[in-house]
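The residues making up each chain are set out below.
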Amino acid sequence: MSPALLLLLLLVAYPFCMALYFSVSNAFIGRPSHFIGIRNFLNLWQSDAFRQTFQNAFVFTGAAVGAKLVLGISLAMLLDQQLWFKRLIRGAVLLPWVIPTALSTLGWWWMFNSLYSVVNWTGLTLGLMDPPGPNWLGQKYYAMTAVVVVNIWRGLPFFVITILAGLVAIPRELYEAAEADGAGAFARFWHVTLPLLKPVLAIVVLFSTIFTFSDFNIVFVLTHGGPINSTHLFATLARQVGLETGRIGEGAAISLYLSPVLMLVVFAQLRFVRKQAY
Amino acid sequence: MPAITRRRFLTSTTGAGLAGILAMRTAPARGQQREVSYLCWNNFAPLMDKKLAEIGQRFTKDTGIKLKIDHIAAAQQAAKYASEVQSQAGHDMVEMRMHFPWLYEGQLVDLGDVVAELEKKYGKVLSSAAETARVHGTWRAVPQYHAMFVATYREDLFKKAGLKVPDTWEDLYTVGKELKKMGNPVGIPISQNYDSISTAGPVLWSYGGLEVDKDGKTVRINSPQTAQMIEWYKKMFRDCMEPEVLSWDDASNNQAIQQGKAGWIHNPVSAYIVAKQMKLPTADTINHHRTPGGPAGRHETDVPRHIGIWKFSKNAEPAKEFIRYLLGKRETYDEFIMSADAFNLPVYDKLQDHPVLKTDPKYAGLRAEGVQYHCYGWPAPPSDKVQLITNSFIMPNMIAKAVTGTSTKDAITWAESEMKKVMAG
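Chains as they are written, first to last, in the numbering used here: chain R, 1 to 278; chain W, 1001 to 1425.
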């Protein structure tokens, strides 16, 4: 057996199979467990917290990935221009992605904290907000906005750098030809840039969708899933149920709930990428 | 009989020795360094961790048993313990708060002999600690100390406005209105954290309400007493507090009083201790009083902490020896308790009037005459289901719904339905 295969089996296949088994069992930490079929998956749907989490995951992922895509393309195109200190700026863009998430989210938590919020202080000082300012982490729409904003901030560099690599690879002659044919800036973007970026965008969106659906740190540090479960994601709810309470069977079922859907997304997107390549 | 050569002697004795070790699954005692490991939380009173390390070194010196102490943040304990139990490997001893011995019942050594010795010396274990460490009649952990909640208030503001220290939760509403007018609102979190439950529990109990019955099965949240408790929260939220309490975490109420904003909070003495250690101007102005009561008495949340020994540990005896060393000698136990500056107090009956309470006049409120202490979920015995109700933050969410517009009846019906689903699951 090759070392690579052994590593893959040990680090990926074994934990995944264990999680699969837990999700169809009544596993409780340290007690014998029994196979119970898909009962965990069915029972979860009875829980208000789970249904809320399900909805949150789609809102959070949709909003964050959508914003990262638009901002990522815009910023990448900007960085593709001839700029002063281009290398420095490109390096700086990567910073949010380099800093450990838990640490940077603590900084954001401080900025949204009701007692010390620099965001509210700035807004109030500039007269943009009415006192006492938004209750960022205590009101459900604001709290969802806060976690989405931090996720965008954190994930944007991945979009920018990958899209930038795609942009650089587009032959300049195509733009020159389009310009000679009288294409304006928007037409060049729509008919040259976007079609040629599609494979890159598909891969970036694919990865980001998976990462965003399974996000944990941002919600755990900022809101713990509150207020009233309005920011819980599958990973944070799975931790709450599986680890804090010991019901790892149920916890595993929560974390694996979307796996079939995500696998379909992966399959469809990879198929799309393959089509684009040939 | 063949002659015994040096080579033959060495081969046969080594073989026999190895066979013995393999059969016994343990190394020979001679030359074997006895060693135990202890996984302990990052104490909210950091000086207690230092003292523990110091006592640990003395233990090694006195007994020859090497002690390895590791620390872990409270939030990570559950995950770490789960992995140790699943892999049947890790530390010998673990610090266990509140209900943990119930969750890991089958994985913990019976420590009844150690507890019996301690009770003989120090008196009975306090009820909240006994309820959580004695699982189905067996001591699965040894109670070591507890941190209790208490009312923490700005004495200077009370004096300035001529306010009376509240004796009941209704009294708190009266003074709370004045405090909010002064710009120093009451700070009771209503969010997905444990401090929220630590206050909601005592308020509910003092109105005579409960979440789950003593049988540990029947959900009892839908009651007129719960409605009374919610109505109290509604008026407190409206007239005495700021909406920010909906976003608070466990540290926010401490910070609110330390930074001079809140006029009254419900918390262990850590808010005062930290203010004192950091020499904050508010330290001189903070004081404590016993927790307010209600029509059904005066109840308070307690956080007892125990030490358990995993069954998979091969060093249960030396581990017990360490527990006896730390808690069984009065002078060492006193030294350990004193290091926490009244944040963690003894859990044994005869030690309740401990010298640590006399080190600062502001600890007088901690004597808390007439207060009954309980853990989350009381009077239901701790179980994974009661724990899931706690960990799912159903009670704070019920209150949060009610104070943000949902009717009291609907909020209670929602909580009842969620709790029943947990019980049925």
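Treat the hints with care, as some may be off.
What the hints assert, rightly or not - Interface residues of chain W toward chain R, partial, derived using beta-carbon atoms under 10 Å:
#1 Phe1044
#2 Glu1178
#3 Asp1249
#4 Gln1387
#5 Gly1425
Read the hints as simulated data drawn from the structure, not as lab findings. Every residue gets a Cβ at the ideal spot worked out from N, C-alpha and C, and that includes glycine.
Against the structure, the hints:
no.	hint	in the structure
1	Phe1044	violated, 18 Å
2	Glu1178	violated, 20 Å
3	Asp1249	holds, 7 Å
4	Gln1387	holds, 5 Å
5	Gly1425	holds, 5 Å
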